[in-house]
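> Here's the letter readout for the chains.
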Amino acid sequence: MASTASPHETREPAGTPTALRPPAVSPLIQRANAIGWPGLAGSSVLVAWELLVRGFGVKEILLPPPSVILRTMVERYDLLLQHLWPSLYLTILGFVLSVAGGVLFAVLITYSAVARRGFYPIIVVSQVVPKISIAPLFIVWFGTGAVSSLLLAFLIAFFPMTINAAVGLQTIDEDVLKMARAFMGSRWQIFLKVRLPNAMPYLFGGMKISITLAIIGVVVSEFVASQEGIGYLIKLAGGLLDTPLMMAAITALSLAGLLLYGIIAWAERRVIYWQSPNYLDIGTG
Amino acid sequence: MLTRSERRATERQSSESRPAGSAHLSLRSVRKAYRELEVIRDVCFEVREGEFLSLLGPSGCGKSTLLMMIAGLLEVSGGEIRVGGRSVAGPRRDIGVVFQSPVLLPWRTVLDNVLFPIEMLNLPRRQFAARATELLVMAKIADFAEKLPRELSGGMRQRAAICRALIHDPAILLMDEPYSALDAITRDEMGLELLRIWQIHRKTVIFVTHSIREAAFLSDRVLVMGRRPATIVDEIIVDLPRPRQIDVMEGEAFNRHVRRLRKSIEASHG
Amino acid sequence: MALHRRSILKAAGALAASGVLEVTAPAILRASTPVKLTLPWLPLGTYSFPFVAKKLGFWQKRGLDVTIDRGFGSGKVCVPVDQGQYDFGLLDLAVMMNCASKGLDLVAIAGQWPRSPIGIFSLKEYNITKPKDLEGQTVAFDVGSGDFQLWPAFVKATGIDDAKISKVTMDAAALIKALVDKQVKAEGNFFGSIAPSLWAQGMQVNSILYEDYGVKMFSVVLAAKRSTIEKKPQLCQAFVDGMLEGMKYVYLNPEKSVELHLDSVKEFKGGSPANKKVIEYGQEVGTALGLVASVKQHGLGYMDPDLVATTRRTVETYMGAKGTPPADKLFTNQFIGAVKLTDAEWAAVVKRSQQYLPTKG
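Residue numbers (the numbering used here), protein chains in the order written: chain R, 39 to 323; chain A, 5 to 274; chain W, 1063 to 1423.
In case anyone wonders, no lab produced these hints; they're calculated from the structure. The structure displayed is predicted, hence computed values, not measured ones. Some clues are possibly wrong.
As a list, the in silico DSS-like pairs of lysine-lysine whose alpha-carbon atoms are at most 30 Å apart [what the hints assert, rightly or not]:
hint: 1; chain 1: A; residue 1: K144; chain 2: R; residue 2: K231
hint: 2; chain 1: W; residue 1: K1244; chain 2: W; residue 2: K1218
hint: 3; chain 1: W; residue 1: K1218; chain 2: W; residue 2: K1194
hint: 4; chain 1: W; residue 1: K1287; chain 2: R; residue 2: K97
hint: 5; chain 1: W; residue 1: K1164; chain 2: W; residue 2: K1229
hint: 6; chain 1: W; residue 1: K1293; chain 2: R; residue 2: K169
hint: 7; chain 1: R; residue 1: K169; chain 2: W; residue 2: K1247
hint: 8; chain 1: W; residue 1: K1244; chain 2: R; residue 2: K97
hint: 9; chain 1: W; residue 1: K1293; chain 2: W; residue 2: K1384
hint: 10; chain 1: R; residue 1: K216; chain 2: A; residue 2: K144
hint: 11; chain 1: W; residue 1: K1328; chain 2: W; residue 2: K1218
hint: 12; chain 1: W; residue 1: K1413; chain 2: W; residue 2: K1318
hint: 13; chain 1: R; residue 1: K97; chain 2: W; residue 2: K1247
hint: 14; chain 1: W; residue 1: K1239; chain 2: W; residue 2: K1328
hint: 15; chain 1: W; residue 1: K1413; chain 2: W; residue 2: K1278
hint: 16; chain 1: A; residue 1: K151; chain 2: R; residue 2: K216
hint: 17; chain 1: W; residue 1: K1278; chain 2: W; residue 2: K1164
hint: 18; chain 1: R; residue 1: K97; chain 2: W; residue 2: K1384
hint: 19; chain 1: W; residue 1: K1293; chain 2: R; residue 2: K97
hint: 20; chain 1: R; residue 1: K231; chain 2: A; residue 2: K207
hint: 21; chain 1: W; residue 1: K1358; chain 2: W; residue 2: K1328
hint: 22; chain 1: R; residue 1: K246; chain 2: A; residue 2: K151
hint: 23; chain 1: W; residue 1: K1164; chain 2: R; residue 2: K97
hint: 24; chain 1: W; residue 1: K1391; chain 2: R; residue 2: K169
hint: 25; chain 1: W; residue 1: K1247; chain 2: W; residue 2: K1339
hint: 26; chain 1: W; residue 1: K1391; chain 2: R; residue 2: K97
hint: 27; chain 1: W; residue 1: K1244; chain 2: W; residue 2: K1194
hint: 28; chain 1: W; residue 1: K1098; chain 2: W; residue 2: K1117
hint: 29; chain 1: W; residue 1: K1229; chain 2: W; residue 2: K1194
Just chain R, same shape as in the assembly (with noise of 0.2 Å):
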């Protein structure tokens, strides 16, 4: 029995005559497009800094120019690297355990009513508290050392991701769960296999926002006080009036919080591959 397609089962999403669709882009200039431009703006940036600072005889305790920062960072990366990995192996501490503890108190408030009037109000609350006004007092409660830090950066980063996996776990057409029950879906299977997936776009929103603030708690604490860390590098040659290598800790930091969140871009190309352009698509004719 051949399959004979009818002329309006095409294979593009209904409602895009053939003759309409833009034309293909070949995936070597996409390629091109995303790094090119970026890297144009960035190199242009670069450089007119490089001629304005040497052109103008700006004193490099003032402000370096970017051969100076770099030099700076080849010559020191030792000593970069290793206030860089304290710093690093907290925030991604911090992060995962303000993942784990995000997810798991969004099922929490999504499955319990009780919990949810009970807390609700708390996380609210929470947010508007500027928690980095809180790191002096960790630091009387806790030490200068690792523990402050870890414990800033979870709380920071904590209540967003709550938010975030709360709103992904609950934001589901009832249709679907609809679906699900029709089908003799128990309340576990339609938790695991409906509505975590549904929620990933929201977790990894979430992941996003938290492990930004998750270096930015470490760091914090470590300007407060510290004994390690990028962020006590940063004071130490601030104290020194060491400026190249003060931005050469800034830019380290840097480079290596872009990291962190270039990896959890690219596992969430790799999760949720299932999004077309109108991604709350959930099979509507």
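Please build the complex by placing chains A and W on the supplied structure of chain R, with the hints as guidance.
Here is chains A and W on its own, set in the frame of chain R:
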């Protein structure tokens, strides 16, 4: 009083045998009310095994509500619904449902979507994979088995949804206006497809629609539902021979049925 | 009929110019030059003198309207002064020299403490009295402070093993509290900042002063940009004169000065008696550190060229500050000499303030 999980457990283990001679599906004095608002009152009818029955009425008259009660997704406020001799108390294995929108899970391939009920029933996937493929072949979308729903047109997704509703071999297929979201031409074709599939896998079908022509073309029998509080106001036997082609709709016999149905609807809904 | 506004102003101007109204004329009749001064740290007792100078009008009568801001460590005074945010800054001379080696063109124009109060401090009970005692300990620093900047010099001079000393950075605001709460056993600080606070709490402090171990240097000075000195010498002279007058008043009238200081800083107004004690102790420490023979001889604010040269050597040798300009380019006594104490006054002040000098435990 069984808990929800206990009910589900017994459901999964139940065989599909029924006492011989009893109606396959029966509704007795079924009533539905939300607080004081009565939407359905005293619906009674029976369906034979392998019968294609339509529930016809304009939008909002409660036919979907009635279907959801048969599916076990809504509770009856009064009366009883029996399928295969057993009272309906929740979703059941011997019932399959096709909704108005296909509601496929966007992160699953078409094949995985079709196998979804199997997973919910904790049955081994391997056992049913072949059957899933068969159904897709029959629905003429086998080429799309590994595609994601977003790559299919609306009509194709609905066909996948029908396959899904059949994978666990339910005795009864409930269809809630499955083609209302499609254009008229596709709709006619889908109707033909449905009949073709139905000829192969002879299920009892309860088909809810607001289209008189569709009801008459597809069914053995059409029940007309009245205005709220709804009840069955008319019953028409469509005795046209099968298999039916599109040109049946030009015939006098067909149009006689259509006129009769229209009169019933106008009479009850004004 | 009525006198024209202009003629009134003219008359007032003439009176003012004649000097008759020198002390009593309201400020609006004088063209007051706004001047900004930054302290190296909080407005502690050690820095009473600028507040006294301002309160008693020593600057006002010279046509200067001075604003005094708190600072965030000597290290963070250099750049704002260099950038013009402040006209003058009080800061540690060694730190200033370090900044000069990095291209900031600052010059010291008046000295405050020829004796350096920088060191590592700890509570008496820990018995940390020698540099070697620091090995194996954790020492807290605020990285912007002079004690941190000069730590390498101290390490080199004493030969202790830097690797064995764990350093914690902390916001300076938390430093003293950390010591009191026993969160850290030792920390770098300025004697004038830390001792008064601990004494007010009834605690004893052990001091390891850098200068006792060969890191000899001139401590806090008043600095300005070279271009300010060259282009506005009268401004500098007026400012220095006013400031030194204030310093003299503090030396001779400690109780009154404390009152004036408390009254000037709104954070201190209505403070506890302990607060007052902290200011009082700090002020006397500042006084004690300023009394050396060369100052007695040449006048308040005098900077001994030998000591300046030694400071420069320290900075260059121990801090690896290459390119430090020669000593004579980094200071000038040209504005010094007008303010002096009599022999009797000097003896009385010395006697009174002896007890506030740092002890080694």
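> Hint by hint, note whether the structure agrees.
These are the hints, each one checked on the structure:
1. K144/A - K231/R: holds, 27 Å
2. K1244/W - K1218/W: Roughly 28 Å between the alpha carbons, so the hint for K1244/W and K1218/W holds.
3. K1218/W - K1194/W: Cα-Cα ~13 Å, so holds.
4. K1287/W - K97/R: holds, 15 Å
5. K1164/W - K1229/W: Given pair K1164/W, K1229/W holds - Cα atoms ~25 Å apart, limit 30 Å.
6. K1293/W - K169/R: violated, 48 Å
7. K169/R - K1247/W: holds, 29 Å
8. K1244/W - K97/R: With a Cα-Cα distance of about 41 Å, the restraint between K1244/W and K97/R is violated, given a limit of 30 Å.
9. K1293/W - K1384/W: holds, 28 Å
10. K216/R - K144/A: Holds: K216/R and K144/A sit about 27 Å apart, inside 30 Å.
11. K1328/W - K1218/W: violated, 42 Å
12. K1413/W - K1318/W: Roughly 19 Å separates the two Cα atoms, so the pair holds.
13. K97/R - K1247/W: violated, 38 Å
14. K1239/W - K1328/W: holds, 22 Å
15. K1413/W - K1278/W: OK: K1413/W and K1278/W at ~24 Å, within 30 Å.
16. K151/A - K216/R: holds, 24 Å
17. K1278/W - K1164/W: With Cα atoms ~22 Å apart, K1278/W and K1164/W stay inside 30 Å; holds.
18. K97/R - K1384/W: holds, 15 Å
19. K1293/W - K97/R: holds, 22 Å
20. K231/R - K207/A: holds, 29 Å
21. K1358/W - K1328/W: violated, 34 Å
22. K246/R - K151/A: holds, 29 Å
23. K1164/W - K97/R: holds, 8 Å
24. K1391/W - K169/R: violated, 48 Å
25. K1247/W - K1339/W: OK: K1247/W and K1339/W at ~24 Å, within 30 Å.
26. K1391/W - K97/R: At roughly 19 Å apart (the allowed maximum being 30 Å), K97/R and K1391/W satisfy the hint.
27. K1244/W - K1194/W: Holds, at roughly 20 Å.
28. K1098/W - K1117/W: holds, 15 Å
29. K1229/W - K1194/W: Answer holds: K1229/W to K1194/W is near 15 Å, not above 30 Å.
In this structure, the hints that do not hold are numbers 6, 8, 11, 13, 21 and 24, in rising order.
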